[in-house]
Amino acid sequence: TRRAAARASSTQVRRASGAWLSEMPTSKRRGGKSGSSKKKVSKTSSSSKSSGTELSFENYADEDEGCVTMEGLAKLAEELGIDPSSDTRLLALCWRLGATKPGTVQKDEWAKLETCPELPTSKSTPTVETLKKGWQQLDPNFLENAEFRPFYKFCFEFNREGTKKFLERDTAISLLPLCIEDRSVHTKAFVTFLESKPEDFKLNRDQWCSFLDFSVAIGPAPEFQGWDADESSWPILLDEFVEWAKTQPELAADEKKDEKKDKKDKKKKK
Amino acid sequence: MHSPKIIALDEGWNNEIKAKAIDVLEEMLNNGFDKKSQRLFAPKEYVQTYTTCYNMCTQRSPYNWSEQLYQRHGETICQYLTQTVLPQLRHQRHDFLLQELTKRWANHKIMNRWMQKFFMYLDRYYVKHHSLPTLDVAGLKHFKTLVYNDVKKEAVTAMITLVDAERDGGIIDRGLVKNCVELLEAMGMGSLDAYVSDFEDQLLASTKDYYKRKSQEWVESDDTPTYLEKAEAALEAEKSRVQNYLNAATEPKLLRVCEHEILEVRETVLLEKDGSGCRALLANDKADDLSRMYRLFSRVPNGLPPMAALVRAHIEAMGNDVINRREQRLETGEKESNQDPAFVKELLALHDKYIAVVGDQFAGNSLFQKALKEAFVEFVNRDVGKFSNAELMSSFCDRILKSGGEKLSDEDVETYLEKTVQLFSYLTDKDLFAEIYRNQLAKRLLNQRSASNDHERMMIGKLKLRCGSQFTGKMEGMLNDLAIAVDHQADFDEHLKAAPDRLAADFSVQVLTTGYWPTFAAIDAHLPAEIVSCTRVFKDYYDKKNSKRRLTWMYSLGNATVKAAWKTASNAKKSYDFQVATLQAIVLLAFNGADDKPVDYEQVRARVNLPDDHLKRVLHSLACGKYKLLAKTPTANTIKNTDTFVVNPTFSCQMRKIRIPMANLDESHNPKRVEEDRTVAIEAAVVRIMKARKTLSHQQLLAEVLSQLAFFRPNPKLIKRRIEALIDREYLERDPDTPNSYRYLA
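Chains as they are written, first to last, in this note's numbering: chain A, 14 to 283; chain B, 74 to 819.
Calculated directly from the structure, the hints in this document are not laboratory data.
Keep in mind it's a predicted model, so treat the numbers as computed, not measured.
Keep in mind that a hint or two might mislead.
[To be verified] In silico DSSO-like links for lysine-lysine, alpha-carbon gap of 30 Å or less: (1) A:K177 - B:K190; (2) B:K182 - A:K177; (3) A:K177 - B:K226; (4) A:K178 - B:K251; (5) A:K215 - B:K793; (6) B:K745 - A:K201; (7) A:K259 - B:K226; (8) B:K480 - B:K443; (9) A:K178 - B:K745; (10) B:K670 - B:K730; (11) A:K145 - A:K177; (12) B:K764 - A:K201; (13) B:K730 - A:K166; (14) B:K190 - B:K225; (15) B:K790 - A:K210; (16) A:K178 - B:K790; (17) B:K225 - A:K178; (18) B:K312 - A:K177; (19) B:K182 - B:K281; (20) B:K226 - A:K215; (21) B:K281 - A:K210; (22) B:K790 - A:K177; (23) B:K764 - A:K178; (24) B:K730 - A:K215; (25) A:K166 - B:K745; (26) B:K91 - A:K210; (27) A:K166 - B:K503; (28) B:K190 - A:K166; (29) A:K259 - B:K790.
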């Protein structure tokens, strides 16, 4: 009954067992409301104005679930001042914590805030401030391709629904560009391709992970250098993608544009 | 004691040896003598000369004339050759040269022999002590250096001219050439070197030119069979030539040259000649010509593969013809059914024909067997129309194995089946054939339409031989089920006798093992009470015997005999025995109790609970067939949900036992089933292979899978799909270290 009441008053932060993006509140303007309808948080968080807000498990965990859920993460996001639906550093955080169950962080995983060397909070008692200060270093863009791969795979795993082994089409469409950022010239085309699939289309792990390898190995449209129709061991979905893309001449131009842009950006970054 | 007188050199030489032996010898040689009748020297004369020589060689030094005699032996011969023999030879040309040469050679042999005999003592000691050539050899050498080397070129040319003349059909003096050959052989002094380098090489060269020319002529003027006849004759002639007057060592070399010029060089032209080349001969069934062609080209290295390729192309064309004609027939509106015995017979006949050709004309050579097989595989898998060739072949067997089909003797049955199995072996989709065959077999067995159990087993045996027991396991299972059913039925009958239950009807059951038989639609019909009690009794009996098995009744199969009584016009009772399917029996019995009241379709359906398609078929057979047991309103020939039925009061028939046939729901086989089985087979193969190999590249995995699947050939995309499914189920993963490779996950 308490739960029901809480739910009734919280229209936007639903019980999140689903995908990250569809469940995640997208802007700060909801922040105020979610603050007031916070569920069973046993300790009222000390005023966020004080500078030593501890990142304790209990602060963010859902009492019923016994772990931090999407809501807890949303709360954290709000405190950090970031947009959880588009900031991949939050995903990177969960990755570093070694989250295993999709959409949740268990107690022992949360504890890694103190121990994981890649996290800015490991140097002292984890607080929101230290995390906020070191937030930038979590950016997956800094990762080399070899290190990026496991993170990219994690993005898939974490955004599944429960024990399901796939992503829904729309989830994939929003998630993929976010995660892969500029590591692929094929993203735009591939997303368009996925949009042409029926609504109940599902993307599996093999297809998701192979997309990254594919982007590394195969050149831009329309040549798709390195892809051979007869010898291809890529998942059939990617073969279909190439064959579809070859019939879409406008994409070729786009991909080339993106490639040039990427090269410029990379130069800028250096 | 007698000390013999010392012989002085010149004295001994001039007076004794020369005068009495050498001069005499030379004169005889010069003037000719009757070789056969007399010896040149009587023993007495000979001994004398020998003794002189002996003495002169055994005298003490300085009177030991061995060295001198040896020298003079040589000089004598040389002188004779140079002064007497050579001039004579230089006079002559061509045949005459050869004749003179052989004469002189014969003479020389004689001279050499006698000179050796005279001076034989030298051979014993002097020659040996000084490691000199023996007299015999020395004499030969002189001949070679002085005579032979001088005339050999001319002589060889003359010989070759003769050979060519003979080739052109002339008659030559073979003995002459043979003698010359013998000379050449001797000139080798223990080896054939002289023969080979002075004669044979030239002979081979001229033979090559000769046949180069000849074959060109033939090619331009003759068709292939004629050419081949000439070729064969030429080769035979050359062979006999060698045997007649050449050295045997020449045979292989000579034949090789001839074969090269006549056959090897011209092969392509001959095979592909318009109207008379290989394909033309095949098309016109020219058996002898084909045999000859095979014989001749098998002599040539790599001569057979081009021929085999043409044979393959021909058979393929013939086969495609048969298929195309069928396609035509279907396009011009011929009704399409899953049976086309004429077509299958055409294919069988084609196969018979070319098996015979390969066996007879091509001596069963494996290249041609392969060509035949490849050709057949090409067109046998070309399906046209709705029904695959696999299905047509299976239906062909069905016709033979069905009772009421063609009347054939046991032998003919076996022959047809054997041949069909051979044709079947060329199918790629063998599993499709198996599935269709299995369904048709089931129908035959369950409808008691099988002509002979032995024939069924025979056919299965043949398939098993070719494909292994896994292929025929289910078919055998079906036959076994029915074989056991007889025993089980006996057992059940015994049980009935002992049991208190009395069945309402004669009841026999066939228990089918689910895995072996095709899946039949399970119908949950409402049975009439009589049948229900029977099934219950049987089920109890069966459950007691086999506790772990579950029985599911298949009402769509099976048949019944229904006894019915009608009132005739004269109010008498006439009873009938109707032989019907179980479903028909169920519907008929439903009308018991309705009497004369009409029952509408929906009521019938509610009563018997059959699905519409089955019910309509049943009602159609009872109301619209030849024997109208039910009267339908309206009387149209189709069953509609709004029809009403009543037992037909006016029904009558002369016969008492009547069979009421019913249309079969014609599903030949479930194509989904074949696909499912294939999916399973592919995945099993992939897992098996990966388990053994641990890691494998994509291409290698595909290749291995294809090689392991014997009964169908999936396309690579299908295999890839299954690999992805296995990745999803975590049997494999993509190898992170090697692109395009997979790793087995234990």
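Against the structure, the hints come out as follows:
1. A:K177 - B:K190: 113 Å, violated
2. B:K182 - A:K177: 107 Å, violated
3. A:K177 - B:K226: It is violated: about 97 Å lies between the C-alpha atoms, which goes past 30 Å.
4. A:K178 - B:K251: Violated, at about 93 Å.
5. A:K215 - B:K793: Measuring from Cα to Cα gives roughly 18 Å; hence the hint holds.
6. B:K745 - A:K201: Cα-Cα ~38 Å, so violated.
7. A:K259 - B:K226: Not OK: A:K259 and B:K226 at ~78 Å, beyond 30 Å, violated.
8. B:K480 - B:K443: 35 Å, violated
9. A:K178 - B:K745: 27 Å, holds
10. B:K670 - B:K730: Holds, at about 26 Å.
11. A:K145 - A:K177: 33 Å, violated
12. B:K764 - A:K201: Judged against 30 Å, a Cα distance of about 39 Å means the pair is violated.
13. B:K730 - A:K166: 76 Å, violated
14. B:K190 - B:K225: Within the cut-off at roughly 28 Å; holds.
15. B:K790 - A:K210: 20 Å, holds
16. A:K178 - B:K790: 23 Å, holds
17. B:K225 - A:K178: 95 Å, violated
18. B:K312 - A:K177: 84 Å, violated
19. B:K182 - B:K281: 34 Å, violated
20. B:K226 - A:K215: 92 Å, violated
21. B:K281 - A:K210: 74 Å, violated
22. B:K790 - A:K177: 26 Å, holds
23. B:K764 - A:K178: Since the Cα atoms of B:K764 and A:K178 sit roughly 24 Å apart, the hinted pair holds (cutoff 30 Å).
24. B:K730 - A:K215: 63 Å, violated
25. A:K166 - B:K745: 36 Å, violated
26. B:K91 - A:K210: Violated. B:K91 to A:K210 sits at ~120 Å, over the 30 Å cutoff.
27. A:K166 - B:K503: 43 Å, violated
28. B:K190 - A:K166: With a Cα-Cα distance of about 107 Å, the restraint between B:K190 and A:K166 is violated, given a limit of 30 Å.
29. A:K259 - B:K790: 19 Å, holds
Violated hints, listed in ascending order, are 1, 2, 3, 4, 6, 7, 8, 11, 12, 13, 17, 18, 19, 20, 21, 24, 25, 26, 27 and 28; each of the other numbered hints is respected by the structure.
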